[in-house]
Amino acid sequence: MIGGLPLDTWLLVVVSTVPGLILVVAAYRVHRRADLGKKGPRA
Amino acid sequence: MPDLGANGTIIGVLVFYFAVLIGIGWWASRDSGSVAGFYVAGKKLPSWVIAFSSNTTGESGWLLLGLTGMGYLVGFHALWIVLGEVIGVALAWSMVARPFKEFTDRYDAITVPDYLADRFADKAHTIRIVSAAIIFSMVAAYTAAQLTASGKAFSSFLGTSYEGGVLIGAGVILLYTSIGGFKAVAYSDVLQGVLMFLCLLVLPIVGIWHAGGWGALMADIGAADPALLRPMGEHGLSVTGVMSALSFAGIGLAFLGAPQLLTRFMAARGRGQILEGGVIAVFCIIVFDIGAVLTGVAGRALFPGLADHETILPVMSTELFPAIVAGVILVVVLAAIMSTVDSLLILASSAVVRDVFQKVFKPDFSDRQLSLIGRCLTVVIGAGGLAVALPESRMIFWFVLFAWSGLASAFTPVVLCSLFWRRTTRAGAIWGMIAGFLTAVLWVWAVKEHFYDLYEMIPGFAAGFIVTIGVSLFTEPPPGADAELDDVKRVVGGPFSAGEGGRAAGVPAGGGSR
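Residue numbers (the numbering used here), protein chains in the order written: chain U, 1 to 43; chain C, 44 to 557.
By construction, these hints were calculated from the structure, which means they are not laboratory data. This structure is a prediction, so every number in the text was calculated from the model and none was measured. Be a bit skeptical, because a hint or two may be false.
Stated by the list, open to error - Some chain C residues close to chain U (C-beta under 8 Å, calculated; not the full set): (1) I130; (2) V132; (3) A176; (4) L318; (5) I329; (6) S540.
Unchecked claim - Derived Cβ-Cβ restraints for the label pairs, each shown as a range: (7) U:M1 x C:G51: 29 to 35 Å; (8) U:G4 x C:F494: 31 to 37 Å; (9) U:G4 x C:L516: 51 to 57 Å; (10) C:V422 x U:M1: 39 to 45 Å; (11) C:I54 x U:A26: 46 to 52 Å; (12) C:A426 x U:A26: 42 to 48 Å; (13) C:E543 x U:P19: 26 to 32 Å; (14) U:P19 x C:H168: 39 to 45 Å; (15) C:R465 x U:M1: 48 to 54 Å; (16) C:Q412 x U:D8: 34 to 40 Å.
Said to hold, decoys possible - Just a sample of chain C residues kept apart from chain U, beta carbon distances all over 12 Å, derived: (17) G55; (18) I65; (19) Y150; (20) S180; (21) S204; (22) L210; (23) L234; (24) M286; (25) G348; (26) D407; (27) C419; (28) L420; (29) A426; (30) A430; (31) V487.
A virtual CB, placed ideally from N, CA and C, is assigned to each residue, including glycine.
This is chain C alone, in the form it adopts within the complex (with noise of 0.2 Å):
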């Protein structure tokens, strides 16, 4: 633990982070006087910001303090969930994105439940009331989640209390996010992304040199278990090995349609900055990842017996880097967490104020009035995250891991099945939607324990693509739907075929127009 000139130090490098934050917050409050503007930043934003907001978003304090807490834990059988997300994250960029970016486009949407509304026609507004229900709950999971990743890392690098760290972190959150809406959540996301990406570089680097270099590190790995260096782990190639890898592995899912990232492609200028975007992310993800579990492994080494595995990156910080650079780390612990913290209020805002409030019940307000209810929800929510954290420090690798399956096991299967299958239709979607979420939830509840503890993402996806398609079968897709698939794919073309721009003559833009 630091003395407390280090301390001192390590404060005045979070106050001029968090001085930076709010600076952004006020720059970008300038643009985010419109619901567009607020949401989705106008659809301005260029590929490098995409980037790192979509992967800070996804990857949180939970690849921080979670994934190095795994690679310690578990040694590199955690590069299964390298695996999951690296192609997650290729595929969501090379597959999904464009199409998806063209069909909102069409329909001037700017939230994934104004999309699926538009594209299943859904003039009766279930799927958007549906769909803020699920992303409300789960929100609420994730945000305290979050904040009690901000707890742990107050408390391991300062000393302070867990619920004082919690406090602060959710306090400094809320001013910036409420302030600057989505183009304050995407710029600091960079900014946030840029101090990971840095520390995940160096951080392995210095405890590999620490331990002796990499031929002691793996000596000493391997004398202390040699399980930790195998691929299938402990388990071997059993069958509770296999789940294991497969419950890593499926974690990478949630990047093919969890709103929270859907919105990132949303907001790009354009299909280009989408192509260059997918670089940069997948190179970004590979090196937050790799990074991570190499830095728990060579924690395992250098600090052994650690009572709770998920600190041993403060430990590593505060053990080996004098007090200005552990000052540095913490802030990117903040930062991560912060990254996805508010993206997911702007993501619970947006699902009351647009897809509930604005298109349900269209109230005779301006777009500054509506703007202004969304930053006061955006407190609103956050406090309800504060209330689940305050109360207890959980483990943060499968806490934020199980909102996560929630947003994606409702989301995931029926976006997918809304861009690639022609056949899906109104009620095949709100089905596939309750499916996926329940299915995740219930497995957690009554099954997961019973069942290898497989990961719930696994069957959420399967009940959700399951629900989706059955449904679907058995009714009518709305009309026109067809058309504007097969034209979407036409202009856009598939992910290597290249696609012929400009939608055809008479095809309609936009289901509310069926």
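So that you can see chain U by itself, here it is in the shape it has in the complex (with noise of 0.2 Å):
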């Protein structure tokens, strides 16, 4: 238990949101800098 939430919980909040992030951000980090490299802040 941590904070009276048990420790299975606490690891499917984790599972839940933290992948979500890092795809998107990895995504965008790959993604922008080809972008604006190539087409300009619009592409």
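Two chains, two separate frames, one set of hints: put the complex together.
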């Protein structure tokens, strides 16, 4: 128990939120550099 | 229930909000004179507008009344819904949106059936007609579910009759949607999304504070029922528990290809807007969903034994806040409902005007005349939803999810195959749509209650993929389709590899020209 909530529930909280955030931020970083380099900010 | 003075304050807040919405409709009407202007706002929307519009359209009154109610009913087991939705939204924005935007720009497509018909060179218009029939039937059910939420919200906050609440909600939505088209819908979605975001940030914090802090809340919930704290809920790690978790997580699959959400990608100003929009959308959906589940959990400790668990948010609002804040929260609930219904009305109207009327019958009508027909159709479809919602107050959570799964099961497998699998054919797409849709509907009707209540989206998706792939393997894709897919992939790149930009010479632009 951490803060009155079982450990596996906290694990579900982390799995529910962190991978999704990592995915969009990683995609943003990869493509933004390429789009800005080739076609400008409105690419 | 608030007293008459409190009701007056709530009504005042409500009238102000409705006036703002109608003002947005009037402002947006200047750019809605053409078909493309009315249905995709001329493809000029910035990242923050498409992100909020996509999230609020996907979430609806289901989030504020349905998901808070589910948090109240099953506790932290509802976190599986958060997992499915966050992953679904993240995959949609990082993998689906960019190639979809590139294809639809090449085809000058403004609806999802438009895109599919061009992608598979469907000169017989079968894809358009099948799509329009599915969209029309599911939008009627979806709209009815949202108007049901409107009826429940008005009766819980103001003590009006259920029918009165349904009628007021329908009247305002039809007015500003039919005036302003997609631009009004998208910009009002931003206002509505910001309100929903703030509400779901503040409400759980206040709820936890009233419960005596986080530790006291967890102790109360654990004492009431320890299963409410566990991720697998009351069933534990049994077949029923796993099926329940799968059903909850499966809700998020729809974000990958439901037509009302894909329209947002089409309406973006460019691919760069999609990159920024993805980050905004995922951050927002996390706040939306975690906020809703925690609101329900706090509500369970504060107001145990509610007859209808889907009224926990109105109960908390009127009991924990002064009348003016309760009025704002009612506005937020209505905002969530309206942001979905308006988008659905635009979707169904576009399916008839653009995909059937303009493309199949090819009448000699001007753009302005077609746009006017679209407005009239919006009112007719809304009236249909009203007729379904008025006679009976159903459970919002599953009623919304039925329509959500019908649309997503029909379109998502086919759209994903069309974007990523070069062997997809026209026949595969048509039969995949029909199989996904019918499986979802028949599952609810005949199988669901005998099979662990497994959510219909999962068999619907499985059937959609199996039939699309199976039929495609026995038929031929349109000539040039694979070269076009390769070129789109080269231009936009993969999820973690940058594209090269610029279309290659000699690659056809649009299946219709193949």
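These are the hints, each one checked on the structure:
1. The interface hint given for C:I130 is met, as the beta carbon of that residue sits about 5 Å from the closest beta carbon of chain U, less than 8 Å.
2. For C:V132, the shortest C-beta to C-beta distance to chain U is roughly 7 Å, which falls under 8 Å, so the interface hint holds.
3. Evaluation of the C:A176 hint against chain U yields a violated restraint, the C-beta minimum of about 34 Å exceeding 8 Å.
4. A cut of 8 Å between beta carbons decides the hint on C:L318: the least distance to chain U is about 5 Å, and the hint holds.
5. A least Cβ separation of about 5 Å between C:I329 and chain U falls short of the 8 Å threshold, and the interface hint therefore holds.
6. The interface hint given for C:S540 holds, since its Cβ lies 7 Å from the closest Cβ of chain U, which is under the 8 Å cut-off.
7. One distance hint, 29 to 35 Å for the beta-carbon pair U:M1 and C:G51, is violated here, with the actual separation near 47 Å.
8. As the Cβ distance of U:G4 to C:F494 is approximately 35 Å, the hint placing it in 31 to 37 Å holds.
9. Remark: the range hint 51 to 57 Å for U:G4 to C:L516 is upheld by a beta-carbon distance near 53 Å.
10. Take C:V422 and U:M1: their Cβ atoms lie about 55 Å apart, and the range 39 to 45 Å is violated.
11. Range check, C:I54 to U:A26: Cβ separation about 48 Å, and the 46 to 52 Å hint holds.
12. With their beta carbons about 46 Å apart, C:A426 and U:A26 fall inside the hinted range of 42 to 48 Å.
13. Separation of C:E543 from U:P19 is about 28 Å and conforms to the stated range, judged on CB atoms against 26 to 32 Å.
14. A beta carbon spacing of about 41 Å between U:P19 and C:H168 agrees with the range 39 to 45 Å that was offered as a hint.
15. The hinted window of 48 to 54 Å between C:R465 and U:M1 holds, with their beta carbons roughly 51 Å apart.
16. The supplied range of 34 to 40 Å is broken by C:Q412 and U:D8, whose beta-carbon atoms lie about 60 Å from each other.
17. The Cβ of C:G55 sits about 38 Å from the closest Cβ of chain U, beyond the 12 Å cut-off, so the non-interface label holds.
18. Against the 12 Å criterion, C:I65 stays outside the reach of chain U, whose nearest CB is about 32 Å from its own CB.
19. For C:Y150, the condition that its CB be more than 12 Å from all CB atoms of chain U holds, with the nearest at approximately 19 Å.
20. The claim that C:S180 lies off the interface holds: its Cβ sits roughly 32 Å from the closest Cβ of chain U, which is beyond the 12 Å cut-off.
21. With a minimum CB-CB distance of about 39 Å to chain U, C:S204 clears the 12 Å threshold, and the non-interface call stands.
22. Remark: the non-interface label on C:L210 is consistent with the geometry, its nearest Cβ contact in chain U lying 38 Å away (cut-off 12 Å).
23. Listed as outside the interface, C:L234 is consistent with that label: its C-beta sits roughly 24 Å from the nearest C-beta of chain U, beyond the 12 Å cut-off.
24. The claim that C:M286 lies off the interface holds: its Cβ sits roughly 17 Å from the closest Cβ of chain U, which is beyond the 12 Å cut-off.
25. No Cβ of chain U comes within 12 Å of the Cβ of C:G348; the nearest lies about 22 Å off, and the non-interface call holds.
26. Remark: the non-interface label on C:D407 is consistent with the geometry, its nearest Cβ contact in chain U lying 36 Å away (cut-off 12 Å).
27. Every CB of chain U is more than 12 Å from the CB of C:C419 (nearest about 35 Å), matching its label as outside the interface.
28. Every CB of chain U is more than 12 Å from the CB of C:L420 (nearest about 33 Å), matching its label as outside the interface.
29. Distance to chain U confirms C:A426 as a non-interface residue, since its nearest Cβ pair spans about 38 Å, more than 12 Å.
30. With 12 Å as the threshold on Cβ separation, the claim that C:A430 sits away from chain U holds: the shortest Cβ distance comes to roughly 38 Å.
31. Listed as a non-interface residue, C:V487 keeps its Cβ farther than 12 Å from every Cβ of chain U; the least gap is roughly 26 Å.
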